[in-house]
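Residue numbers (the working numbering), protein chains in the order written: chain V, 408 to 654; chain B, 115 to 372.
Keep in mind that the hints were calculated from the coordinates and are not lab data.
Remember, predicted model here, so these are calculated numbers, not experimental data.
Possibly wrong hints are sitting among the right ones.
Using C-beta positions, here's what the derived DEER-type ranges look like [as the list claims (entries may be wrong)]: (1) D444(V) - K247(B): 22 to 30 Å; (2) Q345(B) - I639(V): 38 to 46 Å; (3) W432(V) - F340(B): 50 to 58 Å; (4) G627(V) - Q358(B): 42 to 50 Å; (5) V635(V) - G151(B): 28 to 36 Å; (6) K427(V) - E226(B): 25 to 33 Å; (7) W432(V) - N313(B): 41 to 49 Å.
Backbone N, C-alpha and C define an ideal beta-carbon position, used for all residues, glycine too.
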Amino acid sequence: MIKSIKNFGKYCLFLVQVFKRPDKWRVFFKSLIFEIDKLGVDSIPLVLIISLFIGAVICIQMTINIVSPLIPSYSTGLATREILLLEFSSTMMCLILAGKVGSNIASEIGTMRVTEQIDAMDIMGVNSANYIVLPKIIGFVLFVPVLCVLSMFFGLIGGWFIAEFTTMISVENYNYGLQSFFNEWYVWYGIIKTVVFAFIITSVAAFCGYYVKGGALEVGKASTNAVVSSSILILLADVILTKLLLQ
Amino acid sequence: MIEAKNVSKWFDGQRILYDINATFETGKTNLIIGQSGSGKTVFMKCLIGLLTPEEGEILYDGRKIRNMNNEERRQLRTEIGMLFQGSALFDNETVLGNVMFPLTMFSSLSKEEQLERAHFCIKRVGLENADKKYPSEISGGMQKRVAIARAIALNPKYLFCDEPNSGLDPKTSILIDELLSDITHEYGMTTVINTHDMNSVLGIGEKIIFINKGHCDWIGNDKNIFRAKSQSLNDFVFASKLFQEVKLVLEREVESEK
């Protein structure tokens with residue numbers, strides 16, 4: 408318990424270091440573009456593939472499991488849309504991205520630490536936490552809404568493929584379900600959640616990598632810790648945000 | 115000039131450094147020598163300010179590190195160049211990018227002037243044909259030279275080198291030593307080198323500080339190291355077979371003089 412409180416304090420102090428004014432804005436913006444490309448744009452294929460398949464699977468599950476004369480046939484499309492908008496494209500997608508982006512950040516920064524690259528920056532007088540971590544946090548937080556919207560869209564397309572290419576549900580019913588009882592706030596709710604989750608993923612992973620001590624083995628452990636910690640925090644934040652934003 | 119006054123350091127209740135007093139002179143290559151685990155790296159980290167000693171003071175030309183505020187510390191860091199044991203080059207930057215890094219972050223030079231300075235430093239360490247290569251594409255000796263070029267890019271007043279010859283063959287080690295000695299005299303820097311390489315000690319040891327089990331046991335230079343009375347220093351210096359042979363020759367010389 409005391410260790411956790413100490414770590415939380417250390418994490419807060421780390422964030423204070425990170426959120427200082429960059430030494431050179433030109434260098435910061437150059438790094439920002441690089442990180443948006445590396446962390447955000449490079450994640451698009453993964454997001455598209457997973458969303459497409461999960462959208463299709465949700466559609467199949469809904470069709471198979473919601474079988475009742477009392478439930479209208481368009482419910483499949485409606486349920487697929489609600490699941491994607493409310494949970495999958497924000498929470499589940501960010502849990503998956505915690506694995507890709509979180510481990511990438513923790514191992515990159517951890518390697519920089521054990522090979523003394525961070526010490527080299529500190530000795531030169533560069534605020535290493537700010538220089539390395541801030542572009543990653545800002546870059547991913549800025550780009551993650553795009554990933555969220557793409558995930559929503561391609562998830563719905565995945566469901567549509569099932570309607571189009573199987574006989575489980577008609578396209579008309581699926582499309583009607585998608586358009587029924589639509590609440591625009593759910594899209595914003597998903598986007599707000601992903602922004603918070605993106606902050607958790609990048610800052611926790613950077614924290615785990617930044618304070619690595621030792622060698623390659625510890626870098627691996629830091630990478631694992633980053634994924635586990637950020638996943639737990641994402642789920643915790645999900646409960647809090649759902650309570651705050653939907654009630 | 116850098117002064118260390120009664121520097122002591124503890125880790126988890128265990129004392130690592132015991133009241134070390136030493137002066138590192140301007141325009142000279144000052145060597146810190148000692149066995150592995152003797153505390154010389156901890157001492158060097160205290161000198162640079164990466165670690166804070168629990169007792170004692172570090173002074174840079176009379177300026178106490180302990181009394182400096184953040185801005186003054188930042189300013190001091192721009193006056194320091196550092197060569198790390200593993201070179202610590204940035205993997206995602208080319209040789210030119212690495213040398214340009216401190217210039218981009220701290221100099222007020224124009225882009226063209228920064229490039230000119232970076233190329234000058236790269237040329238100074240003899241790597242003019244490797245500026246577009248990445249650290250992973252060059253040898254260990256070349257990486258050290260890039261690290262030296264990066265360290266001198268801002269014309270530092272103080273240069274620190276942590277075991278600059280580790281992992282290098284004897285010939286390349288001598289080249290690195292000569293380069294460090296040359297740039298120290300050329301730019302009038304205060305150079306502090308942490309090493310346990312006896313070739314460096316004899317080649318460039320203008321001032322030598324011997325650390326043993328956290329104590330400063332001996333201070334001298336390459337001319338009088340073989341005549342030192344310190345038993346721990348003699349055990350360190352004459353540890354290798356080669357230097358045991360040297361010791362026998364010296365003893366014979368002393369006897370013949372008698």
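Going through the hints against the structure:
A hinted range of 22 to 30 Å for the beta carbons of D444(V) and K247(B) is consistent with their spacing of about 23 Å. The hint said 38 to 46 Å for the Cβ distance between Q345(B) and I639(V), and at roughly 57 Å that hint is violated. Taking 50 to 58 Å as the suggested C-beta distance range, the pair W432(V) and F340(B) conforms, at roughly 56 Å. Checked against the hint of 42 to 50 Å, the pair G627(V) and Q358(B) passes, with Cβ atoms roughly 43 Å apart.
Under the hint 28 to 36 Å, the C-beta atoms of V635(V) and G151(B), about 35 Å apart, fit the expected range. Checked against the given bound of 25 to 33 Å, the beta carbons of K427(V) and E226(B), roughly 30 Å apart, stay inside it. Hint check: W432(V) to N313(B), Cβ distance near 47 Å, so the stated range 41 to 49 Å holds.
Of the numbered hints listed earlier, the single one contradicted by the structure is hint 2.
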